[in-house]
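Novice: Going by the working numbering, the sequence shown opens with residue 1, and the numbers climb by one from there.
Careful, some of the hints might be misleading.
As the list claims (entries may be wrong) - 27 Å max Cα-Cα, derived DSS-like pairs, lysine-lysine:
#, residue 1, residue 2
1, Lys83, Lys114
2, Lys417, Lys47
3, Lys194, Lys125
4, Lys125, Lys197
5, Lys459, Lys152
6, Lys281, Lys209
7, Lys194, Lys164
8, Lys325, Lys194
9, Lys325, Lys385
10, Lys114, Lys125
11, Lys456, Lys417
12, Lys197, Lys168
13, Lys114, Lys161
14, Lys376, Lys209
15, Lys91, Lys47
16, Lys199, Lys134
17, Lys417, Lys462
18, Lys352, Lys148
19, Lys325, Lys136
20, Lys319, Lys376
21, Lys459, Lys376
22, Lys241, Lys91
23, Lys91, Lys209
24, Lys382, Lys238
25, Lys195, Lys148
26, Lys114, Lys47
27, Lys161, Lys83
28, Lys319, Lys281
29, Lys209, Lys164
30, Lys134, Lys197
In short, the hints are calculated from the structure, not lab data. These numbers were taken from a predicted model, which means no experiment stands behind them.
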Amino acid sequence: MDITPFRIGKASDIVSSRERILYRFFEIIPGFISWLTLLLIILLSFKVPILVAIFIITFDFYWLARTLYFSFYLRSGFKRMNKHERINWLKLLETTKSKNWHDIYHLIIFSVYKEPLEIIEESFKALENTDYPKNKIIVVLAYEERNKTEAKIIAETIERKFRKSFFKFLTTWHPKDLPGEIAGKGSNLTWAAKKTKEKIIDPLTIPYKNIIFSSFDADTSVSPKYFSCLTWHYLNLKNNKASFQPIPLYINNIWQAPLISRVFSFSSTFWHTMNQERPEKLVTFSSHSMSFQVLVDVGFCQTNIVSDDSRIFWQAYLKYNGDYKTLPIFYPVSMDANVSRSFFRTMTNIYKQQKRWAYGVGEIPFLMFCFLKNKKISLKEKFFKLINLFESHWSWATNSLIIFLGGWLPLILGRGKFSQTLLSYNLPILTSRILTIAMIGIVGSIYFGMLLLPPKPPKYGKSKYLIFVIEWLLIPIIMIFFTSLPSLDAQTRLMLGKYMGFYPTEKFRK
Numbered sequence: 001m002d003i004t005p006f007r008i009g010k011a012s013d014i015v016s017s018r019e020r021i022l023y024r025f026f027e028i029i030p031g032f033i034s035w036l037t038l039l040l041i042i043l044l045s046f047k048v049p050i051l052v053a054i055f056i057i058t059f060d061f062y063w064l065a066r067t068l069y070f071s072f073y074l075r076s077g078f079k080r081m082n083k084h085e086r087i088n089w090l091k092l093l094e095t096t097k098s099k100n101w102h103d104i105y106h107l108i109i110f111s112v113y114k115e116p117l118e119i120i121e122e123s124f125k126a127l128e129n130t131d132y133p134k135n136k137i138i139v140v141l142a143y144e145e146r147n148k149t150e151a152k153i154i155a156e157t158i159e160r161k162f163r164k165s166f167f168k169f170l171t172t173w174h175p176k177d178l179p180g181e182i183a184g185k186g187s188n189l190t191w192a193a194k195k196t197k198e199k200i201i202d203p204l205t206i207p208y209k210n211i212i213f214s215s216f217d218a219d220t221s222v223s224p225k226y227f228s229c230l231t232w233h234y235l236n237l238k239n240n241k242a243s244f245q246p247i248p249l250y251i252n253n254i255w256q257a258p259l260i261s262r263v264f265s266f267s268s269t270f271w272h273t274m275n276q277e278r279p280e281k282l283v284t285f286s287s288h289s290m291s292f293q294v295l296v297d298v299g300f301c302q303t304n305i306v307s308d309d310s311r312i313f314w315q316a317y318l319k320y321n322g323d324y325k326t327l328p329i330f331y332p333v334s335m336d337a338n339v340s341r342s343f344f345r346t347m348t349n350i351y352k353q354q355k356r357w358a359y360g361v362g363e364i365p366f367l368m369f370c371f372l373k374n375k376k377i378s379l380k381e382k383f384f385k386l387i388n389l390f391e392s393h394w395s396w397a398t399n400s401l402i403i404f405l406g407g408w409l410p411l412i413l414g415r416g417k418f419s420q421t422l423l424s425y426n427l428p429i430l431t432s433r434i435l436t437i438a439m440i441g442i443v444g445s446i447y448f449g450m451l452l453l454p455p456k457p458p459k460y461g462k463s464k465y466l467i468f469v470i471e472w473l474l475i476p477i478i479m480i481f482f483t484s485l486p487s488l489d490a491q492t493r494l495m496l497g498k499y500m501g502f503y504p505t506e507k508f509r510k
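Please construct the entire structure, taking both the sequences and the accompanying hints into account.
Specialist: Structure representation (structure tokens):
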């Protein structure tokens with residue numbers, strides 16, 4: 001199958017053998033560099049343990065500085081989120097002159113697979129409680145046809161309860177086994193968006209630039225002022241060329257989540273909050289919004305990839321020759337923490353979810369290849385985009401292993417004369433102290449985590465709060481087993497050409 005360069009999913013999509021080999025080479029690079037980093041640390045711990053020890057100490061200081069640096073971003077991100085939650089965005093829209101915000105429609109597509117009724121219903125109730133005029137909201141419940149037998153009753157229940165609450169309501173069923181598709185969120189969203197365009201938008205002749213498209217997971221609950229806040233940001237753009245990224249809070253079921261899942265969920269929330277303060281590096285993730293005009297211009301989401309949330313940003317970035325960005329709106333949407341029917345299954349799901357997120361490393365070969373084709377984006381711009389993307393995935397896969405294991409490798413593998421040096425004696429002590437200082441940042445995480453907690457269910461006692469504090473000591477385990485290892489797994493699969501399919505995260509409420 002020959003497809004345009006800007007819609008490539010993997011090397012085998014390319015017909016030209018020369019270009020396919022080049023793309024395949026690009027796919028190997030990220031995993032190769034990550035493995036080379038780790039293998040060199042092990043090998044050099046044998047040969048030149050002193051050099052490795054100096055590197056580890058230097059790297060620990062770098063990580064400490066990075067942790068302190070990010071802690072300021074976290075504090076600033078939460079401060080701005082709290083400020084934005086207090087603003088009356090609807091009133092602000094009324095004062096927006098020269099633009100008629102009443103012309104703006106919102107198209108919200110919920111991508112659904114096997115989520116239970118209570119989760120979808122909660123998302124729709126939150127949508128119903130927003131302050132934006134409901135006669136300007138189009139809602140689409142996007143289901144998979146392969147699960148129609150089990151899902152049809154739920155779909156009919158949701159439509160019966162909520163269809164009259166909005167301007168238009170549509171349920172779509174994405175056909176299974178369409179040629180060239182990977183079954184997953186991206187292909188489902190594309191089918192739903194095209195059907196909405198065909199059945200609602202075009203017949204009503206609504207201008208595409210007057211529609212803001214939002215891609216939501218089934219468990220996404222919006223805060224009351226989300227769409228008025230989003231509309232204000234949209235209308236204050238000089239053009240439509242931006243995606244809008246809210247802050248994802250994984251707290252819907254946080255009280256029911258197992259301890260590791262809770263810490264992981266808060267860590268993910270904090271990471272995305274910090275990223276809001278770095279808009280030059282921000283890429284769309286999970287629930288996000290954009291102009292429907294842009295969605296049409298880029299030919300909708302790709303249907304042959306796993307990481308559709310980030311790819312739609314890069315599609316638009318390439319389409320407009322670099323004149324596209326992701327804008328943080330510092331306003332929250334809440335989703336579920338990872339919870340399953342058993343502790344072991346929850347841990348397995350966390351690992352698989354993290355591996356799917358980390359499979360976004362596939363954007364590196366995609367951009368490297370597409371940048372060769374696109375001559376209108378400056379070399380400087382290309383360089384910094386690739387460096388930022390590469391550094392984030394490299395650190396994702398390697399940093400935790402370097403930090404928590406590297407301090408012991410020279411001692412274990414070096415031995416000999418190195419074991420008699422002052423540096424060998426001080427290495428674990430110095431490393432431990434640096435990491436202890438860095439762990440002070442956890443105090444801030446605990447504080448912000450407590451602020452985010454929804455009301456405590458009556459069945460839980462006050463001791464639950466103490467557990468919430470103590471469980472942060474599990475951070476080293478989480479960083480190694482649920483951050484570095486799944487990322488390294490994803491990069492290795494891409495490197496070896498063992499391409500992943502889309503793994504839908506199970507949603508379960510106790």
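Novice: Taking the earlier hints as the rules, which of them does this structure contradict?
Specialist: 1, 5, 11, 15, 17, 21, 26 and 27
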